[in-house]
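Note that the protein sequences, when read in sequence, are chains D and C. Start counting at 1 in the first sequence, then tack on 7, and there's your number in this note's numbering. Start counting at 1 in the second sequence, then tack on 7, and there's your number in this note's numbering.
Hints in this document: simulated from the structure, not taken from any laboratory. Incorrect hints may appear among the rest.
[As the list claims (entries may be wrong)] Quick list of simulated restraints, FRET-style, between CB atoms:
#1 Tyr62/C x Glu129/D: 35 to 41 Å
#2 Ile140/D x Val192/C: 32 to 38 Å
#3 Asp199/C x Pro48/D: 25 to 31 Å
[Claimed, not checked] Simulated pairs of lysine-lysine, DSS-like, Cα-Cα distance not exceeding 30 Å:
#4 Lys153/C x Lys246/D
#5 Lys99/D x Lys341/C
#6 Lys341/C x Lys268/C
#7 Lys148/C x Lys99/D
#8 Lys148/C x Lys211/C
#9 Lys268/C x Lys185/D
#10 Lys99/C x Lys67/C
#11 Lys13/C x Lys67/C
#12 Lys217/C x Lys99/D
Quick reminder that beta carbons are idealized off the backbone N, C-alpha and C, glycines included.
There are 2 protein chains.
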Amino acid sequence: MPELRKDPVIGRWVIIATERANRPDQFATVSEAGPAEKTCPFCEGSEPQTPPEIYSIRPKNTPRNSPGWELRVVPSIAPFLRIEGELERRGKGMYDLMNGIGAHEIVIETNQHIANMADLSEEQITNVFNCYIDRMNDLEKDLRFKYVMIFKNYGWVAGGGRVKHSRSQLIATPVNPKRVKEELVGARQYFDYHERCIFCDLIKQEIASKDRLILDSDGFIAVAPFAARFPFETWVLPKKHSCDFTALDNDSRKNLAHLMKVLLSKLKKGLNDPPYNYVLHTAPFRRQKLGYWKSIDSDYHWHIEIIPRLTRVAGFEWGTGFYICPLPPENAAKFLREVEV
Amino acid sequence: MPELRKDPVIGRWVIIATERANRPDQFATVSEAGPAEKTCPFCEGSEPQTPPEIYSIRPKNTPRNSPGWELRVVPSIAPFLRIEGELERRGKGMYDLMNGIGAHEIVIETNQHIANMADLSEEQITNVFNCYIDRMNDLEKDLRFKYVMIFKNYGWVAGGGRVKHSRSQLIATPVNPKRVKEELVGARQYFDYHERCIFCDLIKQEIASKDRLILDSDGFIAVAPFAARFPFETWVLPKKHSCDFTALDNDSRKNLAHLMKVLLSKLKKGLNDPPYNYVLHTAPFRRQKLGYWKSIDSDYHWHIEIIPRLTRVAGFEWGTGFYICPLPPENAAKFLREVEV
């Protein structure tokens, strides 16, 4: 019997097709390479091909926009939002709009031509998280912004484009993304009733049951969510309660880098180097003066959501918010636990 | 300057990339044919290849599951939900689930091997709508179900599979889809404040401004929504207020078929026969005895959402609920208005 399962945080029902007896390895990628690779503007030595860097990790004696760096952040050459200007919130009849003010930055995660974050060293991945935190702290100073979306598109099918060089993207916006709002509301409702964080409860249950647990290492777990939308959808959560990714201490950043390296290597080996997306879910900026999202510290819990792009999404999901997952998350978790890396 | 626009019903912000100066015809499909077509089980004469029909439009003197029909409905051969059984709502620790009870049916829209609904006659399209209504009325009698999702996947990229024969799908579920709930809540909030239907207001504004209007014919309009998520996203709405698609009278069904035929023909001609999805948004079942969604009659408004599949969705949209639309809906509407069919 297939199951209808409800996401405990945002209340979305999904169909889990338990009966189709799909083997996990059936979902391994049939590679869709996309068009030929372009010359890489992100490798060391190609600095003049990008806009001037906003941030870098590099030795003190090397000038900006020159070789010698380990990680660089540059503005997108095709930004979706503009950094200069006023928001000008306004109405147009019944509609609301504002100027497309925001930041759109590219985090070039390595100076070498490496495509998949799985193949970076733990030190390099730690650098990436250090960079996310530094950029978020910097962008928080701009009072026009409410949120920074950080995400990665790896592989052609996942929107990774024609250049196969590991990078993430960052979009700072004057609005909160809908999904984050839904999580904040759902987590608040749970907290109001139970006086506990819903994610902390979820972590305890997943560690106890082990059914959907993929990794449990220093301070972090990776789980296949109970109401997964996609085969091999994976959430990475810190065991210690925190709403704010930027509060992560140095040791924890290293531990997270270790878990991500192992997890992404398992995906790569087990599923034939699949395209994937990940998205960081963290609290919106909580500036004292705005009194904004006051109690979020106790009820929200940051996490990373990873979605391998193994199935074609049919499209009615966009119209209905209703998903059908062809592989039970328990089977996905078991498969990934057993991949040796 | 790009714009941030807010969907008035569900409050989702989107970036409209007004500045990239994309020409509408740049989005025309580069055909991705998918694997070779399979022998068609949906053509007249192939009735034994499908499960027995649940419903058909056929002359009275022809037996079921034999040739002579104009339209047939059959159960899916790979149903996501099972029709037999009890719901058994239950908990699993903090999680909620129930048995995957539901119906999953295929509406075969013509006995001829025609791929695109645009190429059906208006009479055939009217038959399709008649069928939707008859099936919804029948499924409403099953008290386990709350909602019937009706959608179409046309073309390989849109999940249309290997058989190029025009059909829609119907999934009856014991839960309401998340997106429909969000629309019900948003429409209710607007009604509570204004004592008017938000969709009726939207229709009036779109007809007055004409900026996003694609078609305005007997009783219906087709518009590019103000906060479109995708290029050429189109909503079809009845001008007369009604929350319930099944309440559509016979003349209105014909008028809707006419508008859909013109609209889908414009998409086909203007955008090189693109893959597309459509989804019917209508009120959940409102059974008197359940007192369910009591006042929905005045505040919700059924409509059809059509999404041509012209751009690769990068994936962070799934993680954030935040979309970037590379073409202003005003440009899309102007382009489609000018396509002659």
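- Message: Run through the hints listed earlier and report the numbers of any the structure violates, in increasing order.
- Response: As far as the earlier hints go, 1, 3, 4, 7, 8, 9, 10 and 11 are violated by this structure, in ascending order.
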